[in-house]
Amino acid sequence: MEQLSANMVLPLDLLDQGPAPPPVDTAQQEQPQANNNPNGPPAPAQQNPPTQTQTHAGNAASSSGNAVPSASGAPAAAAAAAAGAGQRQDDLLRCKMRIRLPAFHVPRLAGRNADGVSFINEVQQRAEVRISFSRTTDLNGYKTLTVKAADPIRLNTARRLLLNRVAVWTAMRENGPVKENVRVPRAVVGSLIGMRGRAIGELELQSGASVAVENVHIMPPVPIVPGNTRMRGLTLTGTAEAILRCKVLIEAQIQAHRRGDVGFLGRRGTMTAG
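Mapping the sequence shown onto the UniProt record's numbering, position 55 (from 1) lands on 55, and the numbers just tick up by one.
Treat the hints with caution; some may be incorrect.
[What the hints assert, rightly or not] Here are the simulated DSS-like cross-link-like pairs (lysine-lysine), alpha carbons at most 27 angstroms apart as the crow flies:
no., residue 1, residue 2
1, K96, K143
2, K148, K96
3, K247, K179
What the hints contain is simulated information worked out from the structure, not anything from laboratory work.
Turn these sequences into a full structure, and let the hints guide you.
Have a look at this one:
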C-alpha cells in the first residue's frame with residue numbers, strides 16, 4: 001500500500017511588512033546668478049522655460065481644480081483591488097496542512113470528471129478550503145499538497161476526503177488488501193447506487209473503500225431468506241478500517257430506507273428511489 005502523510009501548522013504566521021521607505025524629494029531649487037557688473041544695473045535672472053507635462057485628461061480639467069484619473073491607470077487600480085481582496089482572504093485562511101501523495105495521483109485529482117468539475121475543486125467547495133500542489137516531484141516520487149483553511153475542522157474534512165479518494169483508487173488497482181462480500185436487501189440497492197452512480201461514489205468517498213454491486217444477470221439474488229426479503233451482494237475492497245466504515249454507513253442507509261428517510265446518501269441529492 002502507498003504511504004500517505006499529512007502535517008498541520010497552526011496558525012499561519014502573517015508576513016511582516018517593514019516600514020515604507022521615506023519619500024525622495026526630486027525637486028531642484030533654482031540658484032540666482034551672481035551680478036558681475038558692479039556699475040551697471042543688476043542683470044535679470046534667467047528664467048527656465050516651464051516644462052510641459054502631457055496628461056491623458058487634458059489641461060481643461062486641471063484648470064477647473066478637478067483631477068481626472070488617467071485611463072491607463074484603470075487596469076492597475078483593478079489589479080491592486082484584486083490583490084487587496086486576495087490578501088484579505090489569505091488573512092482569513094490562517095491554518096494550513098501539507099499532504100504528501102504519490103505524484104501520479106495529482107493529475108487525476110486535478111482532472112475534471114464527467115460533470116466538468118475536478119475533485120480538487122469539489123473538495124475546496126465542500127470543505128471551504130484552498131488547495132495548491134507543488135509542480136515538482138521529490139526524489140521519492142511524491143508531490144506535496146498544501147491545504148489552507150480558516151479552522152482545523154475544515155482542514156481535517158479536506159484531508160479525509162483527499163485521502164479516502166486516493167485509498168479507493170489504490171484498493172481498485174491492487175484489488176485489496178482486504179475483500180469482503182456483504183448482502184443487502186434488494187430494495188435498498190437502488191438507493192446505494194444512486195443516479196449515475198453518485199450515491200455509491202459518495203459511499204466510497206466517505207469510507208475509503210471500493211464498492212462493487214454484483215451483476216444480477218451474472219449472479220442472481222440468493223434464495224429467499226428469513227423475513228421474506230430478497231438480497232443482493234456487494235463486494236467491499238480496501239483496508240480493514242475502510243471496510244468497517246463502509247459497512248457502518250451501509251447499515252445506516254438500510255435503516256434509513258426502512259424508516260422512509262433518505263439517509264446520509266440523500267443529503268446532496270445523490271440518492272434515487274429504492
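Going through the hints against the structure:
no.: 1; hint: K96 <-> K143; in the structure: holds (16 angstroms)
no.: 2; hint: K148 <-> K96; in the structure: holds (4 angstroms)
no.: 3; hint: K247 <-> K179; in the structure: holds (12 angstroms)
When held up to the earlier numbered hints, the structure conflicts with none and fits them all.
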